[in-house]
Amino acid sequence: MFYRESGDFKSTYSADQQTFPIKFDRIAVGVILAFAFVVVPFLINDYWEKSILLPFLVWGMAALGLNILTGYCGQVSLGTGGFMAVGAYASYKITTSFPELNMFLVILLSGGVTAFVGILFGLPSLRIKGFYLAVATLAAQFFLVWLFNKVPWFYNYSASGMITVPERTVFGIAITGSNSPPWATYLFCLTFLVVFAFIARNLTRGRIGRSWMAIRDMDIAAEIIGVPPLQAKLSAFAVSSFYIGISGALFFSVYLGAAEPTEAFGIDKSFLVLFMIIIGGLGSIFGSFVGAAFMVLLPVLFKNIMVGGFGWPTDMVQHFIFMLVGGLIMFFLIVEPHGLAQLWRVTKEKLRLWPFPH
Amino acid sequence: MQNAESSPLDTFPKLLNHNARRFADRPAIREKEFGIWQTWTWSQVQEEVLAFAAGLDVLGFAPGDKLAIIGRNRPRLYWGITAAQCVGGIPVPVYADSVAEEMQYVLEHAGVRFVLAEDQEQVDKTLEASEHISGVDQIIYDDTRGVRDYEHSYLHDFAAVQKLGRDALAQNPALLDQRIAAGKGSDTGIFLYTSGTTGKPKGVVLTNDNIIITSRNSVEFDHLTEQEETLSYLPIAWVGDHIFSHGQAYVAGFCINCPESEETVATDLREIGPTYYFAPPRVFEGILTNVMIRMEDASPTKQKLFHYFMNVAKRTGATILDGKSVSAMDRFKYWLGNLLIYAPLKNTMGFSRIKLAYTAGEAIGPEIFDFYRSLGINIKQLYGQTEAAVFITMQPNGEVFADTVGVPAPGVEIKITDSGEVIYRGPGVFDSYYKNEQATRETKNDEGWVMTGDAGYFAENGHLKIIDRAKDVGRLTDGSMFAPKYLENKLKFFPQIKEVVTFGDQRDFVTAFINIDLDAVGNWAERNNIPYASYQELASRPEVLKMMEDNIRQTNADLATDSKMSGSQIKRFLVLHKELDPDDGEMTRTRKVRRSTIFEKYGVLVDALYDGSTRCHVKTQVTFEDGRTGTIEADLDIKDVEVFPPVEKTA
Amino acid sequence: MSPDILNTLEVILNGLMAGVMYSLVALGFVLIFKASGIFNYAQGVMALFAALTLVGIQTGQVPFSHLINVMFGTNYHNWSNGINTVAAIILTMCVMVLLAWLVEKIVLRHLVNQEPIILFMATIGLAFFLEGLGDLMWGANIKVLDVGLPSGGSFWLEDVTKEWASEGSEYFGMYIDVLDVWAAGIAIILVVALTIFSQYTKTGRALRAVADDHQAALTVGISLRTIWVVVWSIAGFVALVAGIMWGSKSGIQFSLSLIALKALPVLILGGFTSIPGAIIGGLIIGVGEKLFEFSLGPLIGGATENWFAYVLALMFLMFRPQGLFGDKIIERV
Amino acid sequence: MNITQPPADVLLSLNNISLSFGGVKALTDISFDILKGEIRAIIGPNGAGKSSMLNVINGFYHPQQGEVWFDGSIRGPLKPYQIARQGIARTFQNIALFKGMSTLDNLMTGRITKMHANIFWQAIWKGKAEKEELEHRERVEHIIDFLEIQAIRKTPVGRLPYGMQKRVELGRALAAESKLLLLDEPMAGMNVEEKEDMCRFILDVHDQFGTTIALIEHDMGVVMDIADRVVVLDYGKKIGDGYPDEIRNNQNVIDAYLGVAHE
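Keeping their order, the protein sequence lines are chains Y, A, G and U. Okay, so the first sequence: first residue is 11 according to the numbering used here, each after it adds one. Okay, so the second sequence: first residue is 41 according to the numbering used here, each after it adds one. Okay, so the third sequence: first residue is 4 according to the numbering used here, each after it adds one. Okay, so the fourth sequence: first residue is 25 according to the numbering used here, each after it adds one.
It is worth saying that the hints were derived from the structure and are not from the lab. Warning: the hint list may mix true and false statements.
What the hints assert, rightly or not - Facing chain A, according to a computed beta carbon distance under 10 Å, are these residues of chain Y, among others: (1) Tyr13; (2) Arg14; (3) Glu15; (4) Ser16; (5) Asp18; (6) Phe19; (7) Ser21; (8) Tyr23; (9) Ala25; (10) Leu361; (11) Arg362; (12) Leu363; (13) Trp364; (14) Phe366.
C-beta atoms are modelled at their ideal positions from N, C-alpha and C, and glycine is treated no differently.
Next comes chain Y alone, as it looks inside the complex (with noise of 0.2 Å):
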């Protein structure tokens, strides 16, 4: 309806191959961004960044992480938590250490220290396939989260066992610690979803990304025509753990303040992410960001209504909002395997052959 592609054509490859092929769609998302980053900064309150904003952004980057290794590579993990905690226990751990360092670099670093975890726990991938190697990841959700409740010195020997993040500042504006401004913390978490989800797109369109797919669409036609099994798959668990340890960083550092691993990074973290990207769509960078959004609003939302609408006990709201995920799992495995993502295409080409039906 609101496309005019006609005459938008390509007369070279790097333009037919651009990640927005369409002129509309390029711009729309330029106005997105925009608004994202000079509109939003304004408008944004505490409550908005606590509750929506940084949930959003925190969560999208895990489920960007975990769908580059489940969706692109189609090797399911259920240890999404205990690698958030790696990041976030390496944030802690450096930013302790090297209080000078800059964030966005203590950040990064976390993300490398996970990619590492990652591989190591990646290597059953090449004997395990399937449930099997679900199973195997689990094994890291556990060991790791137990790991850093009873190794003092990752939790600095602190007398709680917890950790908690210093102020830290980015160009004299406190990020970190209880008084940083929410402006500040949102464009801190946004920058990184921004950058991150291009550097995802890029790395799935190309080379690296087709062998992922390889390996998820038929592994050994994929091993026979060249693509190593190996490579493949431990590139996808350490940039998908490196995803995953930023946003386990930024989700302490930046979100909480102050951790403790059993409480926030559980099995159930895993579990969280996992459904995100079901119902966002696997396989679709758009689709980790829509599930992402969806299941941080969902409880939001009934929160919301029930608590604060119908005044139930927010326990009972949580067994509802449990029973309304786990039928919406299911609903989207049965009826939209592709999730979101794919609802979305549809729609686009809908509008984009209107006034026609097909």
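With chain Y's structure known, arrange chains A, G and U on it following the hints.
Showing chains A, G and U alone in chain Y's frame:
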């Protein structure tokens, strides 16, 4: 190329050099290949063309030699045209779909020495043809696929020839300059063979001036600029394509786009979104039908929306397009419609960017014509011929009518002979028919007037109206003109009418045989649950006869407003009991009505039309699909139709 | 005998008992996997759900009472003050059968011929749904389940083992919860029963047929759907038993569903398709984690049960991806 | 046994290959060679071990005995992807395309062995990575054009009809620009026209790119038409090897096929 600078731009090689300087980095030609629109700028085209020209020279292509160009629209084939002219030779485009025999005739008649063939298929045909004729020395092919194992002594890969040329140019950069400079406007530019429906094709000889001057005039007439994009999908060998995709492109310096293949033309059209577009009426008709069919299975709401705004457009669209004023409300509605329907529609058709579209060749149905104009697509008609390098009349912006073909093109004079035939004179008038003096003299007299063979006249608004082939035009007993084809076309614009045969020459009034369109009327019958088993039965239904009568009355009313035609309103008609059929010799294979045959075969009916009887028995022989013959009998009702007194058109 | 040996012995015994519990859950997995190739993550939650339902019915709770009360401001809680345990168990079983039927009808039949991993994720969804449902129906507060099974240490064993201890050593005999012994016994009965069922009943044979080859089973006219309902019902029954055991042992609470996760490594050891495998895998894990905790736990901060099972499974996978009793996977193209 | 290096015009030679799965013998002491630039057909009744043969050639199975010479050197214990890098590409009997990807991506994946840009360049899609992507896209487009599959360039292959998928798979193998091309029943399950097309493509490939081709095919007519030399297997043993007309009159072969006919 200093000398090119000074001399006038009267040949294509000179124009090419000129453009290569003017528009060095502007796109000159594109082709959809390997998934993208491969693009060549004017300077690149210059390099390619000169390289090929030099290559031809190396292969011994001498001034005056003919280069046949056979294949669909592809850059290298277009380059071949100019390249041949660079060396002082004459390009002879040949219809790609012509069979070996036809090709053989053209090659022989034009005395072709070199052939530029698109691909294996064309090479094969050429080889087959050149077995029976002498003269074809060298064959150059564009697409190497499958040709690798051929005997290569006289076969050359286009790229290889260019290689030869580049080397030669490296030796002597000025190799071609002399010959290019020597070229004159009066030189023979190209042979275009008219696809002969009757008899052998005639080779129309056109000079550089013919093409370039008419192109220049038309470009100015329609204010075309180097910004235009156009889709080159019509046969290279057809004069239209030579003007639209070559002449005008070189003069205005705009970019032509070659589709990936015949099958993908529609998609390619959509991708390119031309600003300047030519298509024969049937193409526009096809697109419209397609739109309507696709709308059929849209949701009810969408359909409502669509029809509502299409009506808005019908009311105001064309007026707005002609720059006349409409009420603010209508303007708003149109704006809204454009947002919701027209623009998306144009987008899906590939007409989003269209500035100017032309149609010609046959009469176009008014409703089709209006559909496009109401969408804001500036579609116009022109009247032309190969012999005129296309343009005889054109429609100026703001004076576009469905039933006339416009005013004389710039520099063209038009006269109507006493016999009612249209004759013209102008810059585009062809030099001669190649090796056919007699035909030339028959068509072109000494003052350079050319017979079109079409009958027509100037309407009140000074626009030319073509009504029929001159030889078919007759007179009623009262002396007023009777143009059967004109009447028949008018009636055939009604979807329910498939064929019409009108009578009136040397008679008091006009009458008609009608063939209903079985699909359209059948559909209508089912919707109004009118039972019928066969064409014959349906044709004899009173409801159908009524419908036909209405259509004819409508036509008559229309005719009455036309001083020249008000005499040929149809007084009586009948609906034939069988469809006119080539198998029964009633039509040609190309579905043109054979008047004479029908006249004798159905004489009894014709008489009945004039002796005032209201019913008539007829018995005809028919040939069935399996070739057996049988007879069918029927009693046909003959209907009278109301006729209207002549009224002056309120223009 | 030195106390150390005896302690070790006690640990092993306790491990075995714990293992039996794992096996009980794993059993449910195996049944469903054999018959439908579905890796039913929800098995553990089914145990939780079964236990909750059992308590609910037993104590005569009104389902969804909280919800109703909140919505209509009413104050229902019980429609009776408790009914006979056996009746309650039977009713609960009916609920589980109904559940099985619904799962097949609403979920599974729409997912036939999907890749296993999709089905796996679907059952995760199911798990969440049941968890929410259970809590919503019966309330989330921790409940005590008492079906009259004895519990507490076995004095007899304590006395006997005291004797074994070498003179003068500070040893007070070994502690084993009678409930565990019962559990073990019931587990054995259950396995025997299942074996008999699958060997000697028509349905049982059908089950095996399906497990061996879906297509073949279909061609000989076994309705896959009925089979699935049956299997899920049986799994429901197994879950109920497991639920009862765990429930009476450590009360009914969310953590119950985590034993489902523990069952996964059990399966990996035992292989997904072998009932004995499930049992033995369970025992290995049980003993393994207890021993590990007993010996190394203190050195590395304890609570190693959290991960030991998984890491063990992981190690194991590296060398025998198909499990103890699974058959070798030959890949072809 | 000590086999000396095969002559230079031999691209691949198999010496006394024996393969068995847990005691079941799939191939027994098979030797034959493939000359540079020839079309070599491997035929035989069902279960003759043809596919196993192909799997040995591209290293998916490792024979218990025998040695494989490829392109002048003896093959060590390599993984399939390493062998692919040496220049062996193949298609599969039952299509093994990457269903989730477009035709274009499937073909691009076929060139994976030729792409090297490291992950950092790819992450920013600049420099080497972008250059490489564009170059290979162009090569692939030529194959698309060659196989006349422009129309389905961006369609997910899962949605394509069988015949088309076969063609795309051939394209994926071609994209590798391998020294040796293995085709496992390229015409299985095709109708007559599709078969003719496929034949044309195979022959065109052969003379356009001069690729050496080894193919398994059931359709005798086809084999005899396009193959330069034919190997016949039966029950994992070689029962014939030679030019088509020799094979036609080879008694063992005839028996083998009659035998099949009786089963």
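Which numbered hints does this structure break?
none
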